[in-house]
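Q: Each chain, written out:
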Amino acid sequence: MPRQRGFLGISTLLGLGLLFANLLPSAAAARDQLHIVGSSTVYPFATAVAEHFGQMGFKAPVVESTGTGGGLKLFCSGVGEGFPDIANASRPIKEGEVADCQKNGVSDIVEVEIGYDGIVLASASSAPARALTVRALYLALAKEVPVNGVLLANPYQFWSEIDPSLPAQKIEVLGPPPTSGTRDAFLELVMEKACHVFPEITAITDDKTRKAKCQTLREDGAYIDAGENDNLIVQKLAGNPDAFGVLGYSFLADNRDKLQGSVMDGVAPSEDNIINGSYEVARKLYLYVKKQHRAIVPGLAEFVAEFMSEKASGPQGYLADKGMVPMPETEHATVKAAVLAALPVASTLGAGIDLGATSALLPWIAAGLLLLLSSVGFQLGRRRAFASVRGATRQLHSLPGYHGIFVGLGAFLPGAVALVLGAVAAHYLPGDSRTGHDVIWAAIAASTLGVAALGLAWAQRHVSANFRARNAVERATMVLLIVCSLLSILTTVGIVLSLVFEAMRFFAQVSVFEFLFGLQWSPQMAIRADQVGQSGAFGAVPVFAGTLLITVIAMVVAVPVGLMSAIYLSDYASRATRAWAKPLIEILAGIPTVVYGFFAALTVAPLIRGFGASIGLDVASESALAAGLVMGVMIIPFISSLSDDVMNAVPQAMRDGAYALGATKSETIRQVVVPAALPGIMGGVLLAVSRAIGETMIVVMAAGLTANLTANPLEAVTTVTVQIVTLLVGDQEFDSPKTLAAFALGLLLFIITLILNIVALRIVKKYREQYE
Amino acid sequence: MSEMAQPATGIKRPDLSQKRIRGRYAAERRFKLYGQLAVGLAIAMLAVLLISVCSKGYSAFYRTEIALDVMLDPAVITPDGKSDAETLGAADYQGLIKEALKTAFPDVTSRGDRKNLYNLVSNGAGNTVRQAVLANPSLIGSTQRFWVVAADDMDMLAKGFIKRDLPEGERVVSDTQIAWYDKLDESGQLRTAFNAVFFSAGDSREPEQAGILGALMGSIFTMLVTVLLALPLGVMSAIYLEEFAPKNRITEIIEVNINNLAAVPSIVFGLLGLAVLLGVFGLPRSAPLVGGMVLALMTLPTIIIATRAALKAVPPSIREAAYGIGASPLQVVSHHVLPLATPGIMTGAIIGLARALGESAPLLMIGMVAFIVDVPHGPTDPATVLPVQIYLWADSPERAFIEKTSAGIMVLLAFLISMNAIAIFVRRKFERRW
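Residue numbers (the numbering used here), protein chains in the order written: chain A, 5 to 776; chain B, 56 to 489.
Hint data in this document are derived by calculation from the structure and do not stem from the laboratory. A hint or two may mislead.
Using 20 Å as the maximum straight-line C-alpha spacing, the simulated EDC-like pairs for lysine to aspartate or glutamate come out as follows [stated by the list, open to error]:
| no. | chain 1 | residue 1 | chain 2 | residue 2 |
| --- | --- | --- | --- | --- |
| 1 | A | Lys315 | B | Asp147 |
| 2 | A | Lys262 | B | Asp220 |
| 3 | B | Lys238 | B | Asp220 |
| 4 | A | Lys63 | B | Glu261 |
| 5 | A | Lys147 | A | Glu223 |
| 6 | B | Lys87 | A | Glu671 |
| 7 | B | Lys214 | A | Asp261 |
| 8 | A | Lys669 | B | Glu83 |
| 9 | A | Lys98 | A | Asp739 |
| 10 | B | Lys111 | A | Asp261 |
| 11 | A | Lys262 | B | Asp450 |
| 12 | B | Lys238 | B | Glu223 |
| 13 | B | Lys214 | B | Glu225 |
| 14 | B | Lys170 | A | Glu314 |
| 15 | B | Lys238 | B | Asp124 |
| 16 | A | Lys262 | B | Asp230 |
| 17 | B | Lys170 | A | Glu333 |
| 18 | A | Lys769 | B | Glu261 |
| 19 | A | Lys770 | B | Glu307 |
| 20 | B | Lys170 | A | Asp276 |
| 21 | A | Lys63 | B | Glu141 |
| 22 | A | Lys63 | B | Asp429 |
| 23 | A | Lys262 | B | Asp124 |
| 24 | B | Lys153 | A | Glu518 |
Because the structure is a prediction, the values reported are computed rather than measured.
Same shape as in the complex, but just chain A (with noise of 0.2 Å):
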């Protein structure tokens, strides 16, 4: 029966719809555990204690990477279930913060000190040890320098320049980006330290020129913006002897077979060390606890008394084990015995309303009801139009089956449109107990199944052998289309709101014109209040150069292979040979890009390196190249398999009739082939295109931060994706126009590819050919 399997399709499209509008009343359910967002780098300490926490008989908290300032903005942004209880901060909460805390709702806060995060200079193993001293580093990475009185342009290329006794190697130190806490703290606690002992810098009486000075790093490519996996800086480290790495104490505690600390101002930097406060290069960590939500979500307490226990962020708890440097003793009792007073563990739990099982039930028997009466009414519609015909189908003007829809449309559709409305005003509806979810879900029930009933009995009404049902429901799946393809309309609308808001706040700190024609870009903003005056500069140019340039190698790669995979599989390779090669290339695209990022930094970039070394050139190690030859490799399938689908649709007959000319195989598929398909293989370019510029792991694992402006592929660049990944993700605050240029970096990305692709599309459009 075909009419009756074109009814079952559209009634599982119908039946998704109610499944989804279901699922918003059961997600409101009561919160039993806690949620915890915010800084990376506490992230792996505020973990550990909630696996703890899990098997002491409380459920685990989730516990997000967001970075500090994402997380902080989470927090503060209201009161309820719906909003996380702790944020893990890797710098103290901002004046702005608790501003935006108080604005929404969020007035008690408590500041949980929990311990120290080391920063250490690491080197591979195999490089002779070297003692560095904060004054080298300082002249070593300060973008200005005092040199004989005055401050120049950061004149050093090489170590031994700055201090005879360090080795003749070139300056190359891989750190966090200006988004980082980590960044914050090493300027704070080596530049700003060093720079002081300096009379040029100290004559300047303004604070905020001389902290611009102390605390801007150079650009030049000494100091490489590494991005924020320090598991990628150990590898890139233990490859590479001459350069140095920034990074938490942990990272070096655990790879200690390849890599080594330097020692600074003669403090080797080991957990003794930094606990005694010899090493100087250490920066507090902190929790941030809603003490509202003790009464919303069980456990809060617990797990803050269990993070301050001695077992865990004691001088010899697990913490320190996973890398933390505990406070000392006695500072650790002081803090516990504030942060107990402040929020006392109290046996009464969170009070949240636990849905009944029939409260959870309703909807979905409800939905259920609701299909079943749609489908008695196609049975029904069926009947009666065979009835109304006495079983002679032909004096209908619509086949049986159309009637059978329609009639059960006429059901489904106003019953569907309740339970909706119903859904959304109960989720509305300040239901504050179980009986009383029950009765509101009652009666949506029953009102649904009501509607349902009169609007079959209406289509019921409608059916005899005259009426045009298969129009009728022609009309009906015509309009279910064009809703369909307005979702992307809608989905549009969404993007561009949700970026144009944050894009005007962060214009209305930076002028249009800079950003659009600015040839720097380098958000070297303060994170901190205190620390006004670093440079800041937003042009995007070099960053969409970036992007450019790496899309422009990934489509060499992709577009030449792609096309001949394309060619070879549909028109050249047996059946059997297509069968598994096809697919095979397709994992291609399916490989997570995380993957593609970690071989394309570890394994890509060394070799292009060292074979650009071989040869005399001088190849930065987060070449363009390497990003965009891995990005091109990704997206192969993009071109190879939606382009083989097309060659593969055109007639044989097209074919067929080259041969018959003498046309060789080569020449019927370059001549009439091609072609007869380009357009879809323009269309799965253009995709491949598209995917390019969107892609983020690979880019930012692989072409780094540095914005350089550019053509040529072997120096370092960085895109969009990287730059908004990096500044969305980052422990400076929400608000600060560092974090809102990336929501002006993306609606101009989205200006850009919307310009880009009217041009294509007027291209296509003029050579498009349908042939046959």
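Based on the hints, put chain B in the right spot on chain A.
A: What follows is chain B alone, placed relative to chain A:
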């Protein structure tokens, strides 16, 4: 054409046809070779990637276990004489393990050494004993030999990832720990066994207790939501745009718009999800339901574009024939065009969903980049997904997470391949050439 057909009388020309044909055949062979090279190159890249992943990851599928003679002390397990399941479950089995270690190495006395000694076994080792006691409470009071999970450092030592010949200062394990390890090895108290925990547990900060099941279930729920939303919606909008929409300004805007959505960086879809799905509709954070919706929005353009290309490729004669026997426009599409376009639609679904499966950036905004111990049981439970789990493991300092990372990738690829297999089956079923 007619002039060429006339024989050129009187003029003698060298017969170049043989040479030209040889040239054309050579071009033909070259062209075919390029094709073979391209396919070979793509597959070689895949092989390189797969081999490098598998060679790093296979060792995560087995683990090192240590045999300990544990005295099941009633004073510890049933302190108040009750032997109900709750008392038995809550007892300090890890303490019993520590006692067993002390008995096995009686000469270790100092506090620091003891701590190192306890670090030989996983701090989840007590669970093995707990399960045995819960299954058979009559064991209490006796001394039993248990194979418990070794700590990750010992496991790394056994697998050779921690080199013994390095100086002690450059190793995570100390010389004494190696001596204890060797002693256990000599007395047959070490073995390697299948790492069942990896397939049955959620995430953990202890590498030897970390499992992939939580992320796998999260990915399954997320993908389910994505497929159920993206495939029907995508195919239906493609049908409308390609077959029915009048070619006017509005449809042109929609078309450009869809192409443009494909280029929007995925993290922006995450921002949209945060603002609309979490903000306006109040859906829960970290839920696969929301993740699936966001990924569906991200996948839609790919599916729409692929479906439109596939619909476009169906020859007009098929449509005309159907119209000729009186089919309505919708019947033409649903009975004839759509089945013939199915292979292309499936291709779009494969590469679109493959991307969604491997995507982690948009999930960051909606809270799925998270540490979650419990295995999710439904699309609204907090969950993470496979690529996120892989990324989080790759970012962990512990050495043992390196093999876990690669093993996680292997699981993801297995999932991907089985997901693709379904679509490929459908594609093969409908594929034809006319």
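Q: Now, for every hint given, state plainly whether the structure supports it.
A: Hints versus structure:
no. : hint                : verdict
1   : A:Lys315 / B:Asp147 : 16 Å, holds
2   : A:Lys262 / B:Asp220 : 14 Å, holds
3   : B:Lys238 / B:Asp220 : 18 Å, holds
4   : A:Lys63 / B:Glu261  : 18 Å, holds
5   : A:Lys147 / A:Glu223 : 7 Å, holds
6   : B:Lys87 / A:Glu671  : 11 Å, holds
7   : B:Lys214 / A:Asp261 : 16 Å, holds
8   : A:Lys669 / B:Glu83  : 7 Å, holds
9   : A:Lys98 / A:Asp739  : 11 Å, holds
10  : B:Lys111 / A:Asp261 : 18 Å, holds
11  : A:Lys262 / B:Asp450 : 16 Å, holds
12  : B:Lys238 / B:Glu223 : 18 Å, holds
13  : B:Lys214 / B:Glu225 : 18 Å, holds
14  : B:Lys170 / A:Glu314 : 15 Å, holds
15  : B:Lys238 / B:Asp124 : 15 Å, holds
16  : A:Lys262 / B:Asp230 : 18 Å, holds
17  : B:Lys170 / A:Glu333 : 19 Å, holds
18  : A:Lys769 / B:Glu261 : 58 Å, violated
19  : A:Lys770 / B:Glu307 : 14 Å, holds
20  : B:Lys170 / A:Asp276 : 17 Å, holds
21  : A:Lys63 / B:Glu141  : 17 Å, holds
22  : A:Lys63 / B:Asp429  : 8 Å, holds
23  : A:Lys262 / B:Asp124 : 37 Å, violated
24  : B:Lys153 / A:Glu518 : 65 Å, violated
Checked against the numbered hints above, the structure breaks hints 18, 23 and 24 and satisfies the rest.
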